[in-house]
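S.K.: Those protein sequence lines, which keep their order, are chains A and B.
Residue numbering for the first sequence follows this note's numbering, starting at 248 and increasing by one per position.
Residue numbering for the second sequence follows this note's numbering, starting at 221 and increasing by one per position.
Hints may be right or wrong, so weigh each one.
[Said to hold, decoys possible] Output of the computed footprint for chain A on chain B, the stretches with three or more beta carbons under 8 Å from beta carbons of chain A: (1) 231 to 238; (2) 242 to 248; (3) 265 to 273.
[Unchecked claim] In the DMTMM-like style, the derived pairs of lysine to aspartate or glutamate whose C-alpha atoms are separated by at most 25 Å in a straight line are: (4) A:Lys500 / A:Asp718; (5) B:Lys276 / A:Asp718; (6) A:Lys357 / B:Glu280; (7) A:Lys350 / A:Glu715; (8) A:Lys655 / A:Asp718; (9) A:Lys655 / A:Glu600; (10) A:Lys503 / B:Asp243; (11) A:Lys357 / A:Glu712; (12) A:Lys357 / A:Asp624; (13) A:Lys350 / A:Glu600; (14) A:Lys711 / A:Asp457; (15) A:Lys711 / A:Asp624; (16) A:Lys503 / B:Glu275; (17) A:Lys503 / A:Asp718; (18) A:Lys503 / B:Glu278; (19) A:Lys350 / A:Asp624; (20) A:Lys357 / B:Glu279; (21) B:Lys276 / A:Glu712; (22) A:Lys711 / B:Glu275; (23) A:Lys655 / B:Glu278; (24) A:Lys357 / A:Glu715; (25) A:Lys503 / A:Glu715; (26) A:Lys596 / A:Asp718; (27) A:Lys713 / B:Asp243; (28) A:Lys357 / A:Glu600; (29) A:Lys500 / A:Glu715; (30) A:Lys500 / A:Glu600; (31) A:Lys500 / B:Asp243; (32) A:Lys713 / B:Glu278.
By construction, these hints were calculated from the structure, which means they are not laboratory data.
Bear in mind that the values here come from a model prediction, so they are computed numbers and not experimental data.
We treat Cβ as the ideally placed atom computed from N, Cα and C, and that holds for glycine.
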Amino acid sequence: MQVTESIIMFIYLIVMTIFGIYFYRRARRSESDYFTAGKSINTFIGAFAIFAAVASSSSLLGAVGSGVALGVPYFFTYAFGVIAIMPFAMFLISGQIRRSGVKTVPEFFKQRFGSSVQIVAAVIVCVGMTFYMVPQLTASGIIGSYVLGLNYTTAVIVLGLGFTLYAALGGMWAITYTDLIQGMIMIVGIVILALVILMDHSGFSALISDALSTDPAFGDITQPWMSYFGLFIAFLWFGIISPSVVMRNFASKSAKIARRTAMWACLIYLTLFVSGFVVTSAGASLGIVDTLDNTDMIFVSVIEHYLPAILGGIMLAGLLAAIMSSADAMLLAISAAIAHDIYKGHINKQASERFVTGLGLVVMIAASIVGILIAIDPPGLIAIMVGWVGGFLLSAFGFPLVLGIWWKRANTQGALVGMVSGAITFVILISSGALPTNAEPIIAAPVSLVLMIIVSLMTTPPPKEKQELVDYYHTHLEDSN
Amino acid sequence: PGLILTVVLVLYAVLVFGWWPADVYMAGISLVGWLMFIGLFFWFLLAIVYVVWIEKVEEEQQN
Numbered sequence: 248m249q250v251t252e253s254i255i256m257f258i259y260l261i262v263m264t265i266f267g268i269y270f271y272r273r274a275r276r277s278e279s280d281y282f283t284a285g286k287s288i289n290t291f292i293g294a295f296a297i298f299a300a301v302a303s304s305s306s307l308l309g310a311v312g313s314g315v316a317l318g319v320p321y322f323f324t325y326a327f328g329v330i331a332i333m334p335f336a337m338f339l340i341s342g343q344i345r346r347s348g349v350k351t352v353p354e355f356f357k358q359r360f361g362s363s364v365q366i367v368a369a370v371i372v373c374v375g376m377t378f379y380m381v382p383q384l385t386a387s388g389i390i391g392s393y394v395l396g397l398n399y400t401t402a403v404i405v406l407g408l409g410f411t412l413y414a415a416l417g418g419m420w421a422i423t424y425t426d427l428i429q430g431m432i433m434i435v436g437i438v439i440l441a442l443v444i445l446m447d448h449s450g451f452s453a454l455i456s457d458a459l460s461t462d463p464a465f466g467d468i469t470q471p472w473m474s475y476f477g478l479f480i481a482f483l484w485f486g487i488i489s490p491s492v493v494m495r496n497f498a499s500k501s502a503k504i505a506r507r508t509a510m511w512a513c514l515i516y517l518t519l520f521v522s523g524f525v526v527t528s529a530g531a532s533l534g535i536v537d538t539l540d541n542t543d544m545i546f547v548s549v550i551e552h553y554l555p556a557i558l559g560g561i562m563l564a565g566l567l568a569a570i571m572s573s574a575d576a577m578l579l580a581i582s583a584a585i586a587h588d589i590y591k592g593h594i595n596k597q598a599s600e601r602f603v604t605g606l607g608l609v610v611m612i613a614a615s616i617v618g619i620l621i622a623i624d625p626p627g628l629i630a631i632m633v634g635w636v637g638g639f640l641l642s643a644f645g646f647p648l649v650l651g652i653w654w655k656r657a658n659t660q661g662a663l664v665g666m667v668s669g670a671i672t673f674v675i676l677i678s679s680g681a682l683p684t685n686a687e688p689i690i691a692a693p694v695s696l697v698l699m700i701i702v703s704l705m706t707t708p709p710p711k712e713k714q715e716l717v718d719y720y721h722t723h724l725e726d727s728n
Numbered sequence: 221p222g223l224i225l226t227v228v229l230v231l232y233a234v235l236v237f238g239w240w241p242a243d244v245y246m247a248g249i250s251l252v253g254w255l256m257f258i259g260l261f262f263w264f265l266l267a268i269v270y271v272v273w274i275e276k277v278e279e280e281q282q283n
């Protein structure tokens with residue numbers, strides 16, 4: 248157990264929990280408060296919150312670890328896809344989906360395509376987000392066991408319940424404000440780490456030379472072309488297909504604020520990955536990748552090697568922040584899908600807002616327990632697991648969501664076939680192992696697109712009021728939803 | 221401008237993945253990596269262009 252680092256991480260967990268307790272009453276006022284923070288988040292807070300929601304264990308541990316193990320072009324592919332998330336989502340959905348006035352992604356599908364699509368979407372959200380929590384919990388177990396001296400299982404349970412507590416109590420209010428703090432810890436921590444590394448190596452050129460002299464293959468393309476392309480595509484679409492990220496648009500004050508939020512989040516992410524390039528190079532220069540059981544631990548080794556205990560503790564809290572700020576948003580997406588979309592949408596339409604937010608709280612705790620149970624014996628490396636979930640959600644959600652916003656002729660039958668065919672194709676491809684890692688959505692997403700277009704054109708056009716919704720999403724007048 | 225800028229974004233990605241100069245090196249790192257590194261800044265530039273452009277469209281429409 249590392250005492251200084253443990254104290255810092257303990258203080259950090261306590262502060263996050265205080266946020267949950269502080270926002271408990273405000274979050275329980277209404278469904279809008281619990282699931283979208285009353286649609287009142289401004290640009291500054293929103294930018295850090297959406298950055299923290301997207302930046303997970305994959306962005307830090309996974310990207311740096313695979314960059315050291317597979318060559319720095321693999322790290323750049325991560326960055327190339329991840330930073331494109333913000334502009335790509337902004338161009339295609341951010342303002343439009345905020346203008347729709349809905350609270351959840353399945354509710355958008357109900358508004359545009361009807362109840363049947365909402366139910367399928369809610370099920371996909373629950374499955375996708377539960378499995379996406381697993382790599383986050385795995386990462387928290389790795390860091391927790393390393394720093395706190397707990398065994399891996401205990402660390403997963405302690406840290407998993409840690410973020411569940413504040414998220415369940417304070418809903419989107421607590422999640423947004425803890426994400427603001429967590430995003431700041433992350434970005435300040437990694438910038439300090441990068442500066443210390445650059446000073447230690449006497450500049451950037453010397454650092455790259457050190458990395459290349461330790462590992463001559465550091466600058467090489469080491470994997471099949473399709474692995475890089477598949478990784479890029481899966482991340483590029485993440486701001487569109489991940490409900491945990493899309494929900495941040497619903498919390499913005501307006502469509503205009505949602506767009507500006509995404510723009511500034513893009514800059515914060517750019518800072519993270521430029522610093523990450525320095526960290527990856529430092530990781531390669533240490534020459535210890537072959538001595539580690541898990542390449543995801545490279546980042547922690549770099550922290551240990553370059554930073555004194557107090558700064559190291561802050562950076563480790565930053566890693567934990569990356570994990571928790573993504574996992575809490577996933578919990579909220581599951582909670583909203585079950586409490587708002589399935590229960591209030593189809594089982595008890597007269598349910599009071601207080602009951603629905605209470606149900607949301609219970610669902611979060613239950614979903615967290617399921618995620619923890621799977622994470623105790625995780626099915627793969629962090630980066631691989633994230634690729635699976637991103638690919639699954641892209642194959643199922645990507646084109647039904649974008650065509651729903653941009654194409655009037657898209658109808659209920661087309662959306663259903665597009666969603667289900669994309670998901671099934673992805674599962675078949677990943678089960679068969681026929682394609683390189685992360686390449687499945689390259690086939691499955693176009694299957695979803697083609698079938699959605701064909702079925703929409705072969706069946707009855709949507710009613711006029713549904714077609715007018717598409718026009719409404721694109722009117723550039725400030726919304727009041 | 222969303223669709224236009226999406227096309228610009230896709231064209232840059234096509235340049236990187238279509239050309240794929242894996243065996244060309246600069247400072248010991250494959251040119252593929254450097255093209256992606258430049259792309260990181262290009263993505264942020266596109267985000268700024270979009271926000272400025274669409275807010276101008278909104279302003280015109282409200283007038």
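S.K.: State for each hint whether it applies.
M.R.: Verification of the hints:
1. Against chain A, the segment 231 to 238 of chain B contributes 3 residues with a C-beta closer than 8 Å to a partner C-beta. That satisfies the three-residue criterion, and the hint holds.
2. Judged by the Cβ-Cβ criterion of 8 Å, the segment 242 to 248 of chain B is covered by chain A as claimed, because 4 of its residues qualify and three suffice.
3. With 5 residues carrying a beta carbon less than 8 Å from a beta carbon of chain A, the segment 265 to 273 of chain B meets the three-residue requirement, and the given coverage holds.
4. Note on A:Lys500 and A:Asp718: the hinted pairing holds, with a Cα-Cα distance of about 21 Å set against a maximum of 25 Å.
5. Pair hint B:Lys276 plus A:Asp718 holds up; C-alpha atoms about 19 Å apart against a cutoff of 25 Å.
6. Of the supplied pair hints, the one linking A:Lys357 and B:Glu280 is violated, its CA atoms being roughly 32 Å apart against a limit of 25 Å.
7. For the proposed pair A:Lys350 and A:Glu715, the alpha carbon gap of about 20 Å is at most 25 Å, so the pair holds.
8. A threshold of 25 Å between alpha carbons decides the hint, and for A:Lys655 with A:Asp718 the separation of about 8 Å falls inside it, so the pair holds.
9. A threshold of 25 Å between alpha carbons decides the hint, and for A:Lys655 with A:Glu600 the separation of about 33 Å lies outside it, so the pair is violated.
10. A threshold of 25 Å between alpha carbons decides the hint, and for A:Lys503 with B:Asp243 the separation of about 44 Å lies outside it, so the pair is violated.
11. For the suggested pair A:Lys357 and A:Glu712, the alpha carbons sit about 13 Å apart, so the restraint of at most 25 Å is met.
12. Using a Cα cut-off of 25 Å, the hinted pair A:Lys357 and A:Asp624 is violated, with the two alpha carbons roughly 36 Å apart.
13. For a cut-off of 25 Å, the pair hint linking A:Lys350 to A:Glu600 stands: about 13 Å separates their Cα positions.
14. About 64 Å separates the Cα atoms of A:Lys711 and A:Asp457, which puts this hinted pair outside 25 Å; it is violated.
15. Annotation: proposed proximity of A:Lys711 to A:Asp624 is violated, straight-line Cα distance about 51 Å (limit 25 Å).
16. For the given pair, A:Lys503 sits about 8 Å from B:Glu275 by alpha-carbon distance, which is consistent with the 25 Å threshold.
17. A distance of roughly 17 Å separates the Cα atoms of A:Lys503 and A:Asp718; the hinted pair therefore holds under the 25 Å criterion.
18. The straight-line distance between the Cα atoms of A:Lys503 and B:Glu278 is roughly 10 Å, inside the 25 Å bound, and the hint therefore holds.
19. In summary, the hint linking A:Lys350 to A:Asp624 is not supported, as the alpha carbons are separated by about 34 Å, beyond the 25 Å threshold.
20. For the hint linking A:Lys357 to B:Glu279, the alpha-carbon distance of about 31 Å lies beyond 25 Å, and the restraint is violated.
21. Taking the CA atoms of B:Lys276 and A:Glu712, the gap is about 29 Å. The hint is violated against a cut of 25 Å.
22. The suggested pairing of A:Lys711 with B:Glu275 is violated, with an alpha-carbon distance near 29 Å, which exceeds 25 Å.
23. For a cut-off of 25 Å, the pair hint linking A:Lys655 to B:Glu278 stands: about 22 Å separates their Cα positions.
24. Distance hint between A:Lys357 and A:Glu715 is fulfilled; the C-alpha atoms sit about 15 Å from each other, no more than 25 Å.
25. Simply put, A:Lys503 and A:Glu715 have alpha-carbon atoms about 21 Å apart, close enough for the 25 Å limit, and the pair holds.
26. As the CA atoms of A:Lys596 and A:Asp718 are separated by approximately 29 Å, the hinted pair breaks the 25 Å bound.
27. Using a Cα cut-off of 25 Å, the hinted pair A:Lys713 and B:Asp243 is violated, with the two alpha carbons roughly 51 Å apart.
28. For the suggested pair A:Lys357 and A:Glu600, the alpha carbons sit about 19 Å apart, so the restraint of at most 25 Å is met.
29. For a cut-off of 25 Å, the pair hint linking A:Lys500 to A:Glu715 stands: about 24 Å separates their Cα positions.
30. Straight-line distance between C-alpha atoms of A:Lys500 and A:Glu600 comes to about 21 Å, which keeps the hinted pair within the 25 Å bound.
31. Note on A:Lys500 and B:Asp243: the hinted pairing is violated, with a Cα-Cα distance of about 48 Å set against a maximum of 25 Å.
32. Simply put, A:Lys713 and B:Glu278 have alpha-carbon atoms about 24 Å apart, close enough for the 25 Å limit, and the pair holds.
Comparing the model with each earlier hint shows violations of hints 6, 9, 10, 12, 14, 15, 19, 20, 21, 22, 26, 27, 31; every other hint is respected.
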